[in-house]
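Novice: Take these sequences, add in the hints, and give me the full structure.
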Amino acid sequence: MSEWSFLRSPRWLGYLALVIVFAVACCALGTWQLNRRAEALAEVARIDANYDAGAIPVAEALPDTDAFDADQRWQVVALSGEYLADEEVVVRNRPFGGSSGFEVVTPFRLDDGTVFMVDRGWIAQDSDGRPSEYAAPSSGHIEVEARLKAGEERIAGRTSTGDELATIDLQELADRVGEPSYTGAYGLLVQAGDDAGDPPLAAARPVRDEGPHLSYALQWFVFALLGFIGLGWAANQERRALVEASASPEAPKAPREPRKPPRERGDADIEDEILDRR
Numbered sequence: 001m002s003e004w005s006f007l008r009s010p011r012w013l014g015y016l017a018l019v020i021v022f023a024v025a026c027c028a029l030g031t032w033q034l035n036r037r038a039e040a041l042a043e044v045a046r047i048d049a050n051y052d053a054g055a056i057p058v059a060e061a062l063p064d065t066d067a068f069d070a071d072q073r074w075q076v077v078a079l080s081g082e083y084l085a086d087e088e089v090v091v092r093n094r095p096f097g098g099s100s101g102f103e104v105v106t107p108f109r110l111d112d113g114t115v116f117m118v119d120r121g122w123i124a125q126d127s128d129g130r131p132s133e134y135a136a137p138s139s140g141h142i143e144v145e146a147r148l149k150a151g152e153e154r155i156a157g158r159t160s161t162g163d164e165l166a167t168i169d170l171q172e173l174a175d176r177v178g179e180p181s182y183t184g185a186y187g188l189l190v191q192a193g194d195d196a197g198d199p200p201l202a203a204a205r206p207v208r209d210e211g212p213h214l215s216y217a218l219q220w221f222v223f224a225l226l227g228f229i230g231l232g233w234a235a236n237q238e239r240r241a242l243v244e245a246s247a248s249p250e251a252p253k254a255p256r257e258p259r260k261p262p263r264e265r266g267d268a269d270i271e272d273e274i275l276d277r278r
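Under the numbering used here, think of the first position of the sequence shown as 1, with each following residue one higher.
In case anyone wonders, no lab produced these hints; they're calculated from the structure. Check each hint, because a few of them may be wrong.
[Said to hold, decoys possible] Now the in silico label distances, taken between C-beta atoms and shown as ranges: (1) ALA28 / LEU201: 35 to 45 Å; (2) GLU39 / LEU13: 11 to 21 Å; (3) PRO206 / SER99: 14 to 24 Å; (4) VAL207 / ALA28: 20 to 30 Å; (5) GLN171 / LEU13: 20 to 30 Å; (6) SER100 / VAL24: 53 to 63 Å; (7) GLY157 / LEU18: 40 to 50 Å; (8) CYS27 / ILE56: 39 to 49 Å; (9) VAL21 / ASN93: 32 to 42 Å; (10) PRO180 / VAL24: 43 to 53 Å; (11) CYS27 / GLY129: 26 to 36 Å.
Bear in mind that the values here come from a model prediction, so they are computed numbers and not experimental data. Cβ atoms here follow ideal geometry from the backbone N, Cα and C, with glycine treated the same way.
Specialist: Encoded structure:
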């Protein structure tokens with residue numbers, strides 16, 4: 001019988017099934033990390049291509065007011081028109097430098113009458129959790145530049161309170177303004193045409209970092225391989241134990257030597273016995 005025939009037992013088939021499930025889970029996690037790395041690399045490529053590029057008219061970048069392509073993220077667009085200061089809102093619970101505050105979003109009416117939402121930057125909250133003081137937007141006709149970002153979805157259970165919004169929901173902002181508006185993307189303010197005093201803090205430059213996803217993926221694939229290596233090692237240990245057990249049976253007892261038959265008594269023996277008795 002083969003030394004490995006024990007592997008066909010239900011116990012070892014169960015071990016193999018567990019290792020296969022473990023390996024599949026590890027490979028799935030490794031693939032997920034590779035997908036996350038691909039997304040991070042795509043974002044780095046968008047930053048390199050768009051962040052420091054020259055501005056193009058917003059109507060050229062976004063011919064459809066409700067459309068936006070992910071590859072347009074960080075693209076710089078030129079805006080010409082005026083701020084609608086009376087329609088300005090703040091978006092709460094926005095982090096910046098380890099603190100929580102508000103983003104100031106001001107509708108900007110373009111020369112063609114369409115409204116584009118501009119995120120003018122971040123402001124801190126006061127001791128009561130309310131927006132701190134900040135400068136009003138520039139008045140009159142100006143030209144500004146902004147970097148495109150996709151609009152945000154509403155969060156279930158979070159509603160607007162007066163001029164405080166939960167997210168940068170462009171459709172809600174368009175409904176507030178009541179004029180034709182861009183609902184696919186908004187813009188992070190790059191620079192203003194004139195001095196607006198002490199404006200909100202500009203958004204920080206995005207970090208070009210693909211993250212540790214590749215190393216994490218390789219670790220998960222190695223874990224999957226180690227599962228099979230460990231199973232093989234355990235099987236070999238059991239094979240060796242079985243071989244040693246079959247090659248070392250209990251030592252048999254040595255046979256006893258047969259008894260020699262008693263020597264027949266001759267005349268000399270009888271004479272010696274008689275002499276001993278005297």
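Novice: Which hint numbers doesn't this structure obey?
Specialist: The structure breaks hints 2, 5, 6 and 11; every other hint is satisfied.
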